[in-house]
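2 protein chains.
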Amino acid sequence: MNYKTENIKTINVSKPLKLDCGQTIKDFPLAYETYGKLNELKDNAILVFHALTGDQFVSGINPVTNKEGWWVTAVGPGKAIDTDKYFVICANVIGGCMGSWGPKEIDKKTNEPYGLNFPVITIRDMVKAQEALLNHLGIEKLLCATGGSMGGMQSLEFCTIFPNRTFSAVPIACSTSHSAQNIALNELARQAIMADPVWEKGKYLIKNVQPKNGLAVARMVGHISYLSEKGMQEKFGRKLQEKADYEFSFDADFQVESYLRHQGSAFVERFDANSILYITRAMDYFDLSKHFKGSLTQAFKNQKAKFLVISFSSDWLYTTKENKDIVIALNASGADVSFSEIKTDKGHDSFLVDEPEFLKTLKGFIDSMHIKFKNEKRI
Amino acid sequence: MNYKTENIKTINVSKPLKLDCGQTIKDFPLAYETYGKLNELKDNAILVFHALTGDQFVSGINPVTNKEGWWVTAVGPGKAIDTDKYFVICANVIGGCMGSWGPKEIDKKTNEPYGLNFPVITIRDMVKAQEALLNHLGIEKLLCATGGSMGGMQSLEFCTIFPNRTFSAVPIACSTSHSAQNIALNELARQAIMADPVWEKGKYLIKNVQPKNGLAVARMVGHISYLSEKGMQEKFGRKLQEKADYEFSFDADFQVESYLRHQGSAFVERFDANSILYITRAMDYFDLSKHFKGSLTQAFKNQKAKFLVISFSSDWLYTTKENKDIVIALNASGADVSFSEIKTDKGHDSFLVDEPEFLKTLKGFIDSMHIKFKNEKRI
Chain C
1 MNYKTENIKT
11 INVSKPLKLD
21 CGQTIKDFPL
31 AYETYGKLNE
41 LKDNAILVFH
51 ALTGDQFVSG
61 INPVTNKEGW
71 WVTAVGPGKA
81 IDTDKYFVIC
91 ANVIGGCMGS
101 WGPKEIDKKT
111 NEPYGLNFPV
121 ITIRDMVKAQ
131 EALLNHLGIE
141 KLLCATGGSM
151 GGMQSLEFCT
161 IFPNRTFSAV
171 PIACSTSHSA
181 QNIALNELAR
191 QAIMADPVWE
201 KGKYLIKNVQ
211 PKNGLAVARM
221 VGHISYLSEK
231 GMQEKFGRKL
241 QEKADYEFSF
251 DADFQVESYL
261 RHQGSAFVER
271 FDANSILYIT
281 RAMDYFDLSK
291 HFKGSLTQAF
301 KNQKAKFLVI
311 SFSSDWLYTT
321 KENKDIVIAL
331 NASGADVSFS
341 EIKTDKGHDS
351 FLVDEPEFLK
361 TLKGFIDSMH
371 IKFKNEKRI
Chain Z
1 MNYKTENIKT
11 INVSKPLKLD
21 CGQTIKDFPL
31 AYETYGKLNE
41 LKDNAILVFH
51 ALTGDQFVSG
61 INPVTNKEGW
71 WVTAVGPGKA
81 IDTDKYFVIC
91 ANVIGGCMGS
101 WGPKEIDKKT
111 NEPYGLNFPV
121 ITIRDMVKAQ
131 EALLNHLGIE
141 KLLCATGGSM
151 GGMQSLEFCT
161 IFPNRTFSAV
171 PIACSTSHSA
181 QNIALNELAR
191 QAIMADPVWE
201 KGKYLIKNVQ
211 PKNGLAVARM
221 VGHISYLSEK
231 GMQEKFGRKL
241 QEKADYEFSF
251 DADFQVESYL
261 RHQGSAFVER
271 FDANSILYIT
281 RAMDYFDLSK
291 HFKGSLTQAF
301 KNQKAKFLVI
311 SFSSDWLYTT
321 KENKDIVIAL
331 NASGADVSFS
341 EIKTDKGHDS
351 FLVDEPEFLK
361 TLKGFIDSMH
371 IKFKNEKRI
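From first to last, the protein sequence lines stand for chains C and Z. Oh and the first sequence: position 276 is 276 in the numbering used here, straight run, nothing missing. Oh and the second sequence: position 301 is 301 in the numbering used here, straight run, nothing missing.
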């Protein structure tokens, strides 16, 4: 990646954090951004968790990449998550590459970027690291914890780790643990990166290079899995890329090839290859029941938060069935949960694009939770 | 690949063949194998077409790899395609690497392997090249033309190019043209190979090396797409690979990772990377209607062959819907067609594994076609 991350908001997390791998860390940076204002009653704070390749720049223009925030469709003034009403917080996950403690940061022991000396982290670790940010911002209890994909996983972990720190949660397009197919797709991405000789067992940053070829292929894996078969067919079909007929070569004849190549090459400008390894590993290790002897019911026991689980009908990465399994577990533990499957051809990407039914559902839930939370606070 | 292909059956195709790219070729090798005996009436010949990474060694032990033939579940003595009754023929496709004319063969002009100087071929070209083999074997009309995946595409092309040369056809788990998602997955495989610096724009064989890393990643793409999400979950789930807990590293913690790594590394021993480029390209270019002004009805016009189209319920690479589109087109052109969707969780791979309902369906159709064909011949 070619971006500078020096001038972004960061806190130093001084409190020791014992990671799932056994290592204890402290005094590490956590980068974040906020949108809107925290009101006096402190009943309007929403913590958004980002997905695999996201960052803390949810809305408006990302000051580092100069592109739109990754959830600008849902978050902003007058949007489903209305920043005129709500105080929206998002932190870059640890393991990431937008200012938080990650494999591209300098290891004080060696004065070189961590690379593979960075510990393997989990979704739990990512979530625990964000507690300090809520304390820093003076927020005892959130109105809502939400996110899509890996962001949804974090919102679920947040509720199990901090059952009293959010009034509601909206996990979107996720699951309670990674399926074999999801692990396989992540492993494919990792192997593509590690197969690139420039990767050099993670030490490429010392030479100030990136395993661009491997990282681009890894990104293509993602983009294929984020679209549905039908959505891809409607968007690209067999349309040719600015040519009248096949060229009988290995150039990008089809629009879908050109799209994937572009997505791959654009991505290497903004993301660190080792971060992809670490974050996909965290996703694969994700199993909400792991710290509860394999019981999801135990994981959600005494859960006070009110849940809305949202899935997308054409999402084959985190299917409706997998999302329903979250609902079943929440029901079994007596939690307050509703569920909505949005009918769409846009696949897993649906939560990131302008999908009116989804945005309406999200807005309705959050606004109604705000009224309830306000009432609870006033009592 | 490390195998010798000198001692396998090959014919020299002397008749000039105009390829779809415009180039005309002649005097090229076509490798093949046969099983069973051609009977006197010559009513028992079945031409099997192989898929992307297949070869002519359908049944028994592959003499080159010393492993079982790729369709040993369906073809052999007493099997669905019973070699005690039928004469089974299979040719290695041009563009392949098991003795037929392909990118690893020596270009007489340069005395070096073709590499990217090999012309981009199509499924039509592959099928046309096999006409000479039928002539060589003295077969005017086949009992059946069949194959799965790319083999199914070839069986469809065979019927449109040679409408009078087969009595029946069984295209299995295929489509009338490659979808955007299929093109995307193939492009991913190609990019993985071309991203490997050892590939050197296709010239690696001159240095007697193979882009093993890229080819292994390409193969992993295939294996993910050949299994269904449910089948993968049942086979692997989140089972760990000979360990009690996560190792917090990038080794293969999960069985599914270990499986994919093994499939990738085993494949590079038996296949040529450039052949993957050429054959996937041919699949992406596949569009049965292309030579019929975009009309599938025209493609199947005057079709005499009797068809059985077979799909698998959990195949997400060539869905039942895509297979039904073949049936719809055949119906619209007045052809004799039946259709069977096999209910299974085994995904696209179903045609290669022991799937009793599929094998029974295949056997029933071929045996009944044999009776009809025999009667027709006797009249």
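Source of the hints: derived by calculation from the structure; they are not laboratory data. It is possible that part of the hints are untrue.
All copies of an identical chain are treated as equivalent in the list; a pair is satisfied when it fits inside any one copy or across any two copies.
Pairs of lysine to aspartate or glutamate, EDC-like flavour, derived with a Cα cap of 16 Å [as the list claims (entries may be wrong)]:
id : residue 1 : residue 2
1  : K108      : E242
2  : K104      : E200
3  : K290      : D27
4  : K377      : E140
5  : K141      : D107
6  : K377      : D354
7  : K306      : E247
8  : K235      : E40
9  : K201      : E140
10 : K293      : D245
So, going through the hints one by one against the coordinates:
1. Taking CA atoms no more than 16 Å apart as the test, K108 paired with E242 passes in neither setting, with 51 Å inside one copy and 35 Å between copies.
2. In this assembly of identical chains, K104 and E200 lie within 16 Å of each other by CA distance solely inside one copy; the values are 14 Å within and 30 Å between copies.
3. Taking the closest pair of Cα atoms, K290 and D27 never come within 16 Å of each other, the shortest separation being 27 Å inside a single copy and 63 Å across copies.
4. When the C-alpha separation of K377 and E140 is checked against a cutoff of 16 Å, the pair qualifies only within one copy, where the shortest distance is 12 Å, while the shortest distance between copies is 86 Å.
5. Taking the shortest Cα distances, K141 and D107 never come within 16 Å of each other, neither inside one copy (34 Å) nor across copies (72 Å).
6. In this homomeric assembly, K377 and D354 never come within 16 Å of each other (Cα to Cα): the closest approach is 33 Å inside a single copy and 63 Å across copies.
7. Proximity of K306 to E247 under the C-alpha cut-off of 16 Å is found in neither arrangement, the shortest distances being 56 Å within a copy and 35 Å between copies.
8. Neither within a single protomer nor between protomers do K235 and E40 lie at most 16 Å apart by alpha-carbon distance, with minima of 47 Å and 54 Å respectively.
9. In this assembly of identical chains, K201 and E140 lie within 16 Å of each other by CA distance neither inside one copy nor across copies; the values are 42 Å within and 59 Å between.
10. In this assembly of identical chains, the alpha carbons of K293 and D245 lie at most 16 Å apart only when taken from different copies (13 Å versus 59 Å within one copy).
Violated hints, in rising order: 1, 3, 5, 6, 7, 8 and 9; the structure is consistent with all others.
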